Structures are given as structure tokens and as C-alpha cells.
Amino acid sequence: MHASARPAAGGASPVAATRAFPAQGARRLLILGGIGLILAGMIFGDIFAVFVLHQNAGRIGAHLQAGVEAVAAGNAAAAEAHILVIGGPGGLLENRGTKVDTHVHIIAFGYIALLLALVLPYVALPEPLKKHLAVVFLLGATLLPVSVFLIYHVGLAYSPLSSIGWASILADLGGLLVIIACAGYLTGVWRHLRSGRDAWRAEVLLPERSGSSRTLLVGGTLLVLIGYLHGAYYAGVHLYEHEARDVQLLRTMLESAAAGNADQASAAVNAYGGLQGEKAVHIAAHAHIIEFGTLALLLAFVQPLVFLSEPWKRRWTAALLAGSVILPVFVLLELKWGLVAGGIADVGGLLVIIALTAMLIGVLRHTGRLDAGKA
Amino acid sequence: MSHSRKLLLVGGLLLVVLGMSYGLYYALFDEHQTLESITLSLARSFSLAAGKQMEPAGAALDAYAAAKFAYVREVDVHSHWSGLALLLILFGLIFDQVTFPERTRLYLAAALVAGSFLFPVGVLLQTVIGGLLPKALAAAGAALLTLTLAAVAAGFARRGG
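Line by line, the protein sequences are chains A and B.
Each residue of the first sequence is one higher than the one before, starting from 26 at the first, in the working numbering.
Each residue of the second sequence is one higher than the one before, starting from 144 at the first, in the working numbering.
Since the hints were derived computationally from the structure, they do not count as laboratory data.
You may find that some hints are simply not true.
[As the list claims (entries may be wrong)] With a Cα cut of at most 35 Å, we get these calculated DSBU-like pairs of lysine-lysine:
id, chain 1, residue 1, chain 2, residue 2
1, B, Lys149, A, Lys304
2, B, Lys195, A, Lys304
3, A, Lys361, A, Lys304
4, B, Lys211, B, Lys278
5, A, Lys361, B, Lys149
6, B, Lys211, A, Lys361
7, B, Lys149, B, Lys278
8, B, Lys195, B, Lys211
9, A, Lys304, B, Lys211
10, B, Lys149, A, Lys156
Keep in mind the model is a prediction, meaning the values are calculated, not measured.
With the rest of the complex left out, here is chain B:
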């Protein structure tokens, strides 16, 4: 088996376990708390606004926004890791049909694996640290993925031509 296929298969299988384990951890220890935080913050903001306490109502809305920001990204990480893992394994099974030399295929495989780990990590880091670094990581991972996917599609299409 070629190195590119091996890299994709092992990377994909590890990513499946990582994505599912993260999903299980998230469902057990984080999701309920985050959803509760979203709802309670919003309910508190409405309750406080009804009592004309606009400043604390605004603060409760900020807490709602922060919890929702985290929730969206945490769910995204789970779904993207799992989805990308499937894609890596699939490509791992048929990567020899991408009509490029093995060295190029190895670079493409490495870029696919790196992008698949990096992009969700960047998204997850946005919930932990602020600033540009997590966004840059996520953007770099996504760019790596889309460019590599385009190359893989071209590789398959050449075969079809």
C-alpha cells in the first residue's frame, strides 16, 4: 500500500475516534450545561428588561451571546471532525486513482490530514482564546482542505477523461 493511502487511512481512523470521543464527552459534560446557559441568560435578560433594569439585562444578553458562540463552534467541531474523517478514509481507499505521481499524492494526503485536524482545532480554540490566532488556524485549515479537494477532484477527473 502506498504511503499516501496509509497516511489517509490511519489519519482518518484516528480522526473518527477523536470526533466520536469528543462528541461523547461533549454530550456528557458540556452540551446540557451550555444549552442551559443559553436559555437561562436569555430568560434573565427578558425578566430584567420587564423590570426596566436595562444594564443587567444587557449583561445577560452578552452572556447569552457568549454561550451561543461556544455552542455553535463546539457542535461544528464534532460534525466536521467526524465528516472529514469519513472523507479521509474514503480517499485512503482509492487514492491510487488520483492520477498524480506518488510524491504529489503524499503531499496532498498530508495536506488533507493536516487540514482536517487543523480546521476544527482552530474552531474549537475560538471558544477558549480570543484574537486572531484561532481564526487564522481555522482559515488556514479550511483553505488547505478546499485547495487539496480541488486537486483531488482534478486527479479523479483526469482519470475519467
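Extracted from the complex, chain A is given alone in its bound form:
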């Protein structure tokens, strides 16, 4: 891997490039923090998928079956207790839901951090305030997902409220910090717009018309488009049918169990598990392809700050886009191919993580070079 001997920041002079991307500045904080958050979220998602998701689903199925058996036995207290183990406070759905929320929010905040870094030249605020807002944003962006992760594990311990624990309160505080930072930047954009300065054209967002930037722009837009088409297809064809089937299967479970038809009740439990899987893969495919499309669009802007040679940038771009297609497609194919497709989907996710790590290294090399030049 060789760094090309091209001008810094896509054609800008080294001094201008350093000014646009100052050490310890808001922009650098947001770009490095943003890519770091996205990587952390993706790695967390992989760990969750391998070690929590399927095991948790298995336990939910077992408790549902036990609940149906309790209905058949006429044991109302046991039937209710099994459902509460699934969906009650500290239950299995909370375990799953908070992990998914953690994964989604870390990545989403990473995207917003990158976006704010891009918008920063249009924020008419003093640099120290921009930096403070960046710190507030990154603090909130870390506090919220970490707290959400802890909700299931901390529960209501030492909470002053009857139904909301400390972890939830801290998560809300994290959300508030993010909102404050975004509102601060929004005020800066508003001030810039009101100032009448036409610095928008002067600020060169994509100084390099490089192959990697352009490929990421077109690829990202297409991924988002495919994601929305899939979402529209799912909403139009499957969503209402899935919701109706969900309730119908639960009704069949209860009526069969109450009538003493254990086989039919068990079949309904199994079908219910299958339905949850069907819903999960559609939603995961929809969400991931749009997420990856947005990531590709954001990374198109970051390319001028990636200090790698163009061929290597193109390779990592290809790896990122390939992984972005492989993961959602094979998540969908899990319905037909089972774990084999799941394994291939994981490889797709790994490709995206590796490509993103390579780009992060490229940005770090860029910052190192700028700082060395300044020294």
C-alpha cells in the first residue's frame, strides 16, 4: 500500500489543508469519532448476531411453548409468568431490543458525526464553540448506546422511578446531549444562511473527482434506492399479512391448547417462530442496505482525507460496496438456505468492517502527515 505523492486534501496547499482539518479541531474530532462509532456499532452488531440473537430467539420459543403447555394444563399463573419472562421488564425481548437499539444508535450517531463534519464549514460559529459542540455530541453519542445496552442488565436497581431505571434515564440524557449539539450546529447554519456569504461554492467538498468518490456516490444512491424499493415491497406485500398471521397463530395456540389439541398448538408455536424469523430478515435486509448506502455516500466525501493511493482507495471502495450488497442479500436468503446464507452474510459484514478500518487508517495517516508538516 503506497501513499501517492499528491497534494494534501485533494489539491489544497498543505497550510490550507491543515487549516481545513486542524489538529484537535471539531472537524477532525467528528470524522475520526464518526468512523470510530460506525466501526464500533458494526463490530457490536456482529458479536450480537453470533452470541445473542439466535440463542435469545431459542429461549423465547421455549418459553412460548411452555406457556402454551400451561394453558393446556389450565395453569393460568404459569401461562402468564412464561409470557412475562419473554416480554416483561428484564425479559428476553428487552434483552434483544436493547441490543438492537445499541447497534442501530451507535451507527446512526456515527453517520450524523460524519455529516456534521461535512456541514461544519457552513456553520457560522467560533471554532472553540464548534469543538465544544463536537465533544457534547460525541459524549451523547456514546452515552446513549452504552446506557441502552445496560438497560437489560441494570434493570430498576436504585432507580428513583417505579418503571424506568437509571440506564434509561442516562440514555435519555445522552439523546438530549445529541439534540443540543445538533441544535447548536443548526443555529450556526442558520447564521451562515442569514449572513448572505456565498461561501458554499468556495468550500470544496469533493475536491478530488476520483474514481473512488464517484463510485461511492453512485453506488450509495443505488443501494438506498434498492433499500427503499425493498421496503415498499415489504410494506405492500408482507407487512399487513405478517401482522394478521402473528395474531392468528397466537389465537390458534390458545384455542388449540385450551381444547387439548397439543400437536396443533405446538405446530402454531413453531410457525410463530418461523414468522418472527421471516419478519426479522426482511427488516434487517431493508435496514442494512439503506444504512450501507448512506455510509457509502458519506464516505465519498471523506475520500480526499484518506491518505492512500487511488488504486487502494478503489479496492477498499469495491470491498465496501460488495459487502454492502452481500450482507442484505444473504440475510434475505437465510429463509431458504439457513445458516450457510447467514455465514456468507457475516462475511459481507466483515468486508464492510475491513474496508472501513482501512479508510480510517487512511484518514489517520492524512492527519499524521498534516501534523508533521505543520511541526
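Use these hints to put chain B onto chain A, whose structure you have.
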């Protein structure tokens, strides 16, 4: 700065604040109650069925379905508003690279902003009022978004060609 870019940036930033504020409100005042309603209704239906009270068990299942219907849509609104806001701002930064005349770009930007507000509003309205209107709003918003996205992708691709 062109009008299309300004429209996308301002629309996107407003949508970010709207999506996050809605998420915060939802987490504070609605989510816990909705999740509790889902679980308690289902638990009640199982408990009642164990006592062979099938009619009230069925009613509890209906309550479960209604709460879950609302939950799915409320979470969708939060995630779609936030996601679409990001997309609008991103496009706002580079919309000049969509190789259409500014007037066309302005129409595309207006359609993107309208679709991004309209689609989640339609989804949210499904939890408040029944009937076809909310579904039609959501479908119109989604159609507007997908068609416009296709045009934007074509605009970027022409540049690449």
C-alpha cells in the same frame, strides 16, 4: 448556493431535529407504556385461555395486536425521519453534481423533502386514524421518494459516464 441545495439542507436539518425530538418524546412518554401494553395484553390472553375464558382471551389478543401495530409504526417513524434527514443533507451538499438543469433539480429536491416528511407522517397517522387516508399518504410519500431517488441516481450516473 442553489435553491435546490438550500431546500435540501434546511429540510434535512429540520427533519433531523424533528426525528430526534420525536424519538426523545417517544422514549420518555410512549415507548415503555406501549411495550408494557403489548406484554400485559398477551400475558392476560394466555392467563384467560388457561381458565377457558376464550372470549376475553380473544379480546386481550386484539389489544395486543393493536398495541403492537402502533409500536411498529412509531419506531418506523423515528428511524425513517432520522435516516431520511441524513439523506437530504447529504444530497444537499452535492446536489449540483446531479446533471439536470437547476429547475429540474429544484423539483427533485422539493419531491425529496415532501416525500421525507409525508411518508413517516402517513405511517404515524395510521396509529391515530383508520381508513385509507394515512395509508395513501404513506404510499404517496414512499412512491415520491423512490421515483426521485431513481432520478437522482441517474443524475449521478450520467456524471460518471
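Taking the hints in turn, this is what the structure says about them:
For a cut-off of 35 Å, the pair hint linking Lys149/B to Lys304/A is broken: about 38 Å separates their Cα positions. Using a Cα cut-off of 35 Å, the hinted pair Lys195/B and Lys304/A holds, with the two alpha carbons roughly 31 Å apart. With a C-alpha separation of about 14 Å, the suggested pair Lys361/A and Lys304/A falls inside the 35 Å cut-off, and the hint holds. With a C-alpha separation of about 17 Å, the suggested pairing of Lys211/B with Lys278/B holds against the 35 Å cut-off.
This hinted pair does not check out: Lys361/A and Lys149/B have alpha carbons roughly 46 Å apart, beyond 35 Å. With a CA separation close to 27 Å, the supplied pair Lys211/B and Lys361/A stays within the 35 Å bound. With a C-alpha separation of about 30 Å, the suggested pair Lys149/B and Lys278/B falls inside the 35 Å cut-off, and the hint holds. For the suggested pair Lys195/B and Lys211/B, the alpha carbons sit about 24 Å apart, so the restraint of at most 35 Å is met.
Restraint check: the Cα-Cα separation between Lys304/A and Lys211/B comes to about 14 Å, which is no more than 35 Å; the hinted pair holds. With a C-alpha separation of about 25 Å, the suggested pair Lys149/B and Lys156/A falls inside the 35 Å cut-off, and the hint holds.
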